[in-house]
Amino acid sequence: MTGPMIPIWEVFIRSRNGLAHKHVGSLHAADATLALQAARDLYTRRGEGLSIWVVPSQAITASDPADKGMMFEPAASKIYRHPTFYEVPEEVGHM
Amino acid sequence: MLQNKFDSMNHVTHTFPMHPNEDAGLEVRFQERVDAEERIEPNDWMPAAYRKTLTRQISQHAHSEIVGMLPEGNWITRAPSLRRKAALLAKVQDECGHGLYLYAAAETLGASREELVDQMLSGKAKYSSIFNYPTPTWADIGAIGWLVDGAAIMNQIPLCRCSYGPYARAMIRVCKEESFHQRQGYEIMLALSRGTPEQKDMAQDALNRWWWPCLMMFGPPDGASQHSDASTRWKIKRISNDELRQKFVDATVPQANFLGLSLPDPGLKFNSETGHWEYGAIDWNEFKQVLAGHGPCNRDRMAARWKAHEDGAWVREAALAYARRHS
Chain H
3 MTGPMIPIWE VFIRSRNGLA HKHVGSLHAA DATLALQAAR DLYTRRGEGL SIWVVPSQAI
63 TASDPADKGM MFEPAASKIY RHPTFYEVPE EVGHM
Chain X
208 MLQNKFDSMN HVTHTFPMHP NEDAGLEVRF QERVDAEERI EPNDWMPAAY RKTLTRQISQ
268 HAHSEIVGML PEGNWITRAP SLRRKAALLA KVQDECGHGL YLYAAAETLG ASREELVDQM
328 LSGKAKYSSI FNYPTPTWAD IGAIGWLVDG AAIMNQIPLC RCSYGPYARA MIRVCKEESF
388 HQRQGYEIML ALSRGTPEQK DMAQDALNRW WWPCLMMFGP PDGASQHSDA STRWKIKRIS
448 NDELRQKFVD ATVPQANFLG LSLPDPGLKF NSETGHWEYG AIDWNEFKQV LAGHGPCNRD
508 RMAARWKAHE DGAWVREAAL AYARRHS
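Protein chains in written order, with the working numbering: chain H, 3 to 97; chain X, 208 to 534.
Careful, some of the hints might be misleading.
[Said to hold, decoys possible] For lysine-lysine, the following BS3-like pairs were computed, each having C-alpha atoms within a straight-line distance of at most 30 Å:
no.: 1; chain 1: X; residue 1: 407; chain 2: X; residue 2: 331
no.: 2; chain 1: X; residue 1: 454; chain 2: X; residue 2: 383
no.: 3; chain 1: X; residue 1: 407; chain 2: X; residue 2: 454
no.: 4; chain 1: X; residue 1: 292; chain 2: X; residue 2: 259
no.: 5; chain 1: X; residue 1: 476; chain 2: X; residue 2: 259
no.: 6; chain 1: X; residue 1: 407; chain 2: X; residue 2: 292
no.: 7; chain 1: X; residue 1: 442; chain 2: H; residue 2: 24
no.: 8; chain 1: H; residue 1: 70; chain 2: X; residue 2: 259
no.: 9; chain 1: H; residue 1: 70; chain 2: X; residue 2: 442
no.: 10; chain 1: H; residue 1: 24; chain 2: X; residue 2: 383
no.: 11; chain 1: H; residue 1: 80; chain 2: H; residue 2: 24
no.: 12; chain 1: X; residue 1: 331; chain 2: X; residue 2: 259
[Stated by the list, open to error] For the chain H half of the interface with chain X, some residues (derived, Cβ under 10 Å), not all of them:
no.: 13; residue: 35
no.: 14; residue: 43
no.: 15; residue: 44
no.: 16; residue: 93
Please keep in mind that the hints were generated in silico from the structure rather than gathered at the bench.
Built from N, CA and C at the ideal position, the CB exists for glycine as well.
Extracted from the complex, chain H is given alone in its bound form (with noise of 0.2 Å):
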């Protein structure tokens, strides 16, 4: 009954001028014509968006979550990457 299997798009919308596309799902679609007809159908019926991206999901690679603390960790450790690091007197004013 399985029938042939229609390939994965990921969606991501520019919800507003000035704003960057935004991941907000999935479909299927045999092309990326049908993809991008299916994803104004079903993600932008109340005026969701300006454009629309559809990427094949095949063509995302992802972060491990395993690798999650080798990734990541070595970001939060260097508090001196932020500006409240550093001290500067109250009299000088915002800075």
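Using the hints provided, position chain X relative to the given structure of chain H.
Then chain X, alone, in the frame of chain H:
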């Protein structure tokens, strides 16, 4: 017995034996994350039973949205005005969208869309029993929007905080869109209740037929439901069937009063001490019968799904053939 055949709209889940090789340490860490209200994402480690429970619940929820288009679709061409027709068409299109969001969420757990649809068509996977009742009059469209969507919203709001990220996010989107569904249903009921005596009778008749099946949408009474423990522990299910049912009754009785319609329950009475409306005994035998496939429309619904699937086969094939030729 009853619970084993139960569908996802009611959020009753099952416990599965642990695989002996499953890492107990991972299991403990997983539960800690859930307890800390962290969201579990598709590539995170999760117990096999959690994955299985969610796949079934989310896919059956998706099937319910898709089958849910059928009773209302029945009235699109016969809606009494262009305004009503446009609203109903938009609502049915939303239900389709909700089904698709939910299938996508279920697929993040590893099942393919094709497998999930096959499980529905073969009868292996259930959909909500409420859609096995017929819609003989226009008032049924009002009653469905007001009561069926109202009950679905009650069920779905706690799911917006479900531990599984993709399901919770799909539910947030669904809940946002559903509030129009309930309001359009109530507006239909209001227009009929304030119309001719025949129209008011039609509204009353629809309410009489939908009230009890709607109370059944929340699933078996808490005492009879042995399977929700794991779901509660996993923070998939956050509020019990009976609590949700009570919330629904408390919210709906005053709305029925405002319409000037009566609820078909002679046992219904307000308890001023608890502040809740008490309702009469639910006929769980009817529920079991409908679940077992003996409801008024089970066969029609399955036949309609099969026909849609088969009639669409050439479209799917043609689209794939075209894509192959142009890639």
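Hint-by-hint comparison with the structure:
no.: 1; hint: X:407 x X:331; result: 40 Å, violated
no.: 2; hint: X:454 x X:383; result: 19 Å, holds
no.: 3; hint: X:407 x X:454; result: 26 Å, holds
no.: 4; hint: X:292 x X:259; result: 40 Å, violated
no.: 5; hint: X:476 x X:259; result: 41 Å, violated
no.: 6; hint: X:407 x X:292; result: 20 Å, holds
no.: 7; hint: X:442 x H:24; result: 27 Å, holds
no.: 8; hint: H:70 x X:259; result: 25 Å, holds
no.: 9; hint: H:70 x X:442; result: 24 Å, holds
no.: 10; hint: H:24 x X:383; result: 19 Å, holds
no.: 11; hint: H:80 x H:24; result: 28 Å, holds
no.: 12; hint: X:331 x X:259; result: 14 Å, holds
no.: 13; hint: 35; result: 9 Å, holds
no.: 14; hint: 43; result: 8 Å, holds
no.: 15; hint: 44; result: 5 Å, holds
no.: 16; hint: 93; result: 43 Å, violated
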